[in-house]
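Trainee: For reference, the chains in residue letters:
Number of protein chains: 2
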Amino acid sequence: MSILVVGSIAIDTVETPSGSVQDSMGGSALYFSAAASFFSPVNLVGIVGNDFDFSRIEFLKTRGVDLEGLAVEEGQTFRWGGRYHRNMNNRDTLFTYLNVFKNFQPVIPEHYRDAKLIFLANIDPDLQLDVLDQVEQPELTVLDTMNFWISGKRDSLERLIRKVHVLILNDEELFELTNIPNIFESAQHLLQKGPRALVIKKGEHGAVLVTADQYFLAPAYPLPKVVDPTGAGDSFAGGFLGYLATCPEITDHQFRKAIIYGTVTASFTVEDFSFNRLRDITRDAIDRRVEELREMVRF
Amino acid sequence: MSILVVGSIAIDTVETPSGSVQDSMGGSALYFSAAASFFSPVNLVGIVGNDFDFSRIEFLKTRGVDLEGLAVEEGQTFRWGGRYHRNMNNRDTLFTYLNVFKNFQPVIPEHYRDAKLIFLANIDPDLQLDVLDQVEQPELTVLDTMNFWISGKRDSLERLIRKVHVLILNDEELFELTNIPNIFESAQHLLQKGPRALVIKKGEHGAVLVTADQYFLAPAYPLPKVVDPTGAGDSFAGGFLGYLATCPEITDHQFRKAIIYGTVTASFTVEDFSFNRLRDITRDAIDRRVEELREMVRF
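Line order of the protein sequences matches chains H and U.
If you read the first sequence in the numbering used here, its first letter stands for residue 1, the second for the next number, and so on.
If you read the second sequence in the numbering used here, its first letter stands for residue 1, the second for the next number, and so on.
Everything labelled a hint here was simulated from the structure, so no lab data went into it.
Be aware that a few hints might be false.
Calculated cross-link-like contacts (lysine to any residue; reagent style SDA-like; alpha-carbon spacing at most 25 Å) [claimed, not checked]:
1) U:Lys-202 / H:Val-290
2) H:Lys-202 / U:His-85
3) H:Lys-102 / H:Met-146
4) U:Lys-163 / U:Thr-178
5) H:Lys-102 / H:Ile-161
6) H:Lys-202 / U:Pro-229
7) U:Lys-163 / U:Leu-190
8) U:Lys-61 / U:Gly-49
9) H:Lys-202 / H:Ser-151
10) U:Lys-202 / H:Glu-173
11) U:Lys-225 / H:Tyr-215
12) H:Lys-202 / U:Asn-170
13) H:Lys-257 / H:Asp-171
14) U:Lys-61 / U:Ala-285
15) H:Lys-202 / U:Leu-223
16) H:Lys-163 / H:Val-131
17) U:Lys-225 / H:Gln-22
18) U:Lys-193 / U:Asn-182
19) U:Lys-202 / H:Lys-193
20) H:Lys-225 / U:Arg-196
21) H:Lys-102 / H:Glu-74
22) U:Lys-116 / U:Thr-246
23) U:Lys-116 / H:Phe-299
24) H:Lys-61 / H:Val-135
25) H:Lys-202 / U:Arg-289
26) H:Lys-202 / U:Gln-188
27) H:Lys-61 / H:Asn-276
28) H:Lys-193 / U:Lys-225
29) H:Lys-202 / U:Met-296
30) U:Lys-202 / U:Glu-271
31) U:Lys-193 / H:Leu-223
32) H:Lys-257 / U:Arg-298
33) U:Lys-202 / H:Ile-161
34) H:Lys-116 / H:Leu-127
35) H:Lys-257 / H:Ser-40
36) H:Lys-193 / H:Leu-223
37) H:Lys-202 / U:Asn-87
On a predicted model such as this, the values are computed, not experimentally measured, just so you know.
Given the sequences, and given the hints that come with them, work out the whole structure.
Mentor: What follows is the structure, encoded as structure tokens:
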């Protein structure tokens with residue numbers, strides 16, 4: 001089953017304690033696609049400028065990522081620059097040039113509209129609502145967002161939360177959204193608005209799945225060295241939805257396994273800059289880490 | 001097998017977002033003993049003033065905690081006051097009156113000296129070294145400490161780390177001790193100094209066991225409401241060592257189960273002030289949460 005993703009394509013300049021990289025491939029839709037493509041075909045909707053060098057994402061096509069929904073506009077591609085602090089948990093944005101992304105109006109190609117699985121990567125909630133209007137009956141819609149929209153477009157975001165099946169967010173976003181500083185109390189509060197499940201990402205501390213009647217506590221894959229955390233969240237979402245796309249039925253138990261696949265896929269992303277690691281590994285490498293994690297939580 | 005614990009007995013005044021309590025029972029040795037006593041007999045070494053009301057810890061005796069090593073000195077018992085912030089992760093110390101604890105010189109009673117399991121709760125590292133000199137061949141010594149000693153008595157602490165089998169510390173203490181901001185890299189560095197295992201506590205994010213050849217990733221028990229985090233760390237240590245005291249052999253797999261028992265025991269502690277919850281529950285309640293956790297990590 002193929003997945004529809006709508007999000008950003010960016011050219012990133014990143015400095016971390018482990019090194020730096022200039023004008024590398026980034027953006028939520030690319031990280032998501034690189035991750036999900038280990039499991040399933042992906043249909044990508046996004047926008048780039050006419051400066052964009054398609055040869056740099058050629059490998060995505062060979063992995064089954066359909067780029068027909070990628071609009072090319074006169075102008076420059078979205079550019080982002082950031083610098084991570086020593087602990088890798090905090091970062092400063094050095095610059096954000098939206099460029100053609102400023103005028104992004106997602107148009108879902110006709111043959112993407114019956115998508116069963118949809119990932120609404122972090123963009124303006126009004127555009128995310130617009131995407132939902134364009135698609136037919138999706139089986140599972142998964143929403144990502146960020147603090148910027150929680151404070152800036154709360155009404156649209158609240159409408160979205162009532163429409164989607166799964167909300168993926170980090171603990172800080174959850175607290176900002178509910179103003180309740182305990183993740184379990186906060187998650188229960190949010191679930192009452194409609195989503196079937198919340199997936200709360202805690203970075204190096206793992207992730208938590210909360211549904212009406214269960215918690216699943218997932219560890220992060222232990223990494224003695226992180227090179228660049230950029231794209232970890234979107235890679236997590238890619239592994240999560242990619243795995244679910246392979247399941248004949250999406251049960252709560254499959255959600256659990258999907259979170260582990262998301263965790264492991266993201267663990268590769270952060271071991272190098274951009275999607276360098278995701279380009280080089282195979283599905284086998286992912287499966288091995290999944291089994292290692294299973295062993296690391298056994299008691 | 002009984003456990004020897006050397007630590008503080010305190011009278012606490014605590015304010016949290018959930019309420020407050022004045023002159024309640026606290027201190028590392030009491031929390032540890034209350035927790036460990038679900039599993040095993042405990043021999044306690046500590047000091048109180050002649051103002052101390054022994055009736056308030058009477059229940060510990062009925063649970064098999066031997067108080068012969070509890071010295072009573074002319075003067076006031078150690079008093080501590082603290083106020084927790086809204087997120088429960090940070091606290092301000094309002095006052096610390098060491099009182100008789102200032103002159104604490106642990107004397108291990110003769111019939112405690114062949115202890116097989118020893119918990120060196122957080123006190124001056126020089127006193128912890130002195131305790132190790134007084135005991136015979138312990139099978140397992142477990143060390144706790146705090147930032148205050150890491151910066152103030154690093155040499156003594158380094159000597160201790162070379163002598164103990166297990167170091168229990170939180171992630172911040174680990175970073176301060178090694179100056180390496182990644183817990184896995186940091187832990188490997190510390191293991192080379194001699195301990196068989198490190199147990200890194202991450203509060204609401206669980207705990208990690210690191211030995212030379214494995215990681216064990218333990219979640220925290222999910223609590224929608226925390227009333228008072230005071231004593232969580234010492235209760236964790238109590239459940240950990242208490243469980244190990246019941247094992248004929250202390251294998252790495254038993255370490256894993258011990259961490260889960262520590263986690264669960266601490267989860268009860270923080271549901272009420274002081275050791276109110278630990279006084280009221282039974283071993284059965286602990287075992288039930290252990291099984292719940294097992295279910296919550298399954299995938």
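Trainee: Does each hint fit the structure? Answer for all of them.
Mentor: We went through each hint and held it up to the structure:
1. U:Lys-202 / H:Val-290: Distance ~23 Å between Lys-202 of chain U and Val-290 of chain H Cα, so the pair holds.
2. H:Lys-202 / U:His-85: holds, 20 Å
3. H:Lys-102 / H:Met-146: holds, 17 Å
4. U:Lys-163 / U:Thr-178: Holds. Lys-163 of chain U to Thr-178 of chain U sits at ~17 Å (cutoff 25 Å).
5. H:Lys-102 / H:Ile-161: holds, 24 Å
6. H:Lys-202 / U:Pro-229: Satisfied, since the Cα-Cα distance of roughly 20 Å is no more than 25 Å.
7. U:Lys-163 / U:Leu-190: holds, 13 Å
8. U:Lys-61 / U:Gly-49: holds, 19 Å
9. H:Lys-202 / H:Ser-151: Measuring from Cα to Cα gives roughly 20 Å; hence the hint holds.
10. U:Lys-202 / H:Glu-173: Roughly 20 Å separates the two Cα atoms, so the pair holds.
11. U:Lys-225 / H:Tyr-215: Measuring from Cα to Cα gives roughly 15 Å; hence the hint holds.
12. H:Lys-202 / U:Asn-170: With Cα atoms ~17 Å apart, Lys-202 of chain H and Asn-170 of chain U stay inside 25 Å; holds.
13. H:Lys-257 / H:Asp-171: holds, 20 Å
14. U:Lys-61 / U:Ala-285: holds, 21 Å
15. H:Lys-202 / U:Leu-223: holds, 16 Å
16. H:Lys-163 / H:Val-131: holds, 12 Å
17. U:Lys-225 / H:Gln-22: violated, 45 Å
18. U:Lys-193 / U:Asn-182: Roughly 18 Å separates the two Cα atoms, so the pair holds.
19. U:Lys-202 / H:Lys-193: violated, 31 Å
20. H:Lys-225 / U:Arg-196: The given pair, whose Cα atoms are some 23 Å apart, holds under the 25 Å limit.
21. H:Lys-102 / H:Glu-74: OK: Lys-102 of chain H and Glu-74 of chain H at ~12 Å, within 25 Å.
22. U:Lys-116 / U:Thr-246: holds, 12 Å
23. U:Lys-116 / H:Phe-299: Distance ~24 Å between Lys-116 of chain U and Phe-299 of chain H Cα, so the pair holds.
24. H:Lys-61 / H:Val-135: Roughly 23 Å separates the two Cα atoms, so the pair holds.
25. H:Lys-202 / U:Arg-289: With Cα atoms ~23 Å apart, Lys-202 of chain H and Arg-289 of chain U stay inside 25 Å; holds.
26. H:Lys-202 / U:Gln-188: holds, 23 Å
27. H:Lys-61 / H:Asn-276: holds, 16 Å
28. H:Lys-193 / U:Lys-225: Holds. Lys-193 of chain H to Lys-225 of chain U sits at ~21 Å (cutoff 25 Å).
29. H:Lys-202 / U:Met-296: With Cα atoms ~17 Å apart, Lys-202 of chain H and Met-296 of chain U stay inside 25 Å; holds.
30. U:Lys-202 / U:Glu-271: The given pair, whose Cα atoms are some 18 Å apart, holds under the 25 Å limit.
31. U:Lys-193 / H:Leu-223: Between Lys-193 of chain U and Leu-223 of chain H the Cα gap is close to 21 Å, so the pair holds against 25 Å.
32. H:Lys-257 / U:Arg-298: holds, 9 Å
33. U:Lys-202 / H:Ile-161: violated, 31 Å
34. H:Lys-116 / H:Leu-127: Holds, at about 19 Å.
35. H:Lys-257 / H:Ser-40: The hint holds at about 15 Å.
36. H:Lys-193 / H:Leu-223: violated, 36 Å
37. H:Lys-202 / U:Asn-87: Given that 25 Å is the threshold and the Cα spacing comes to 15 Å, the pair holds.
When held up to the earlier numbered hints, the structure conflicts with 17, 19, 33 and 36 and fits the remainder.
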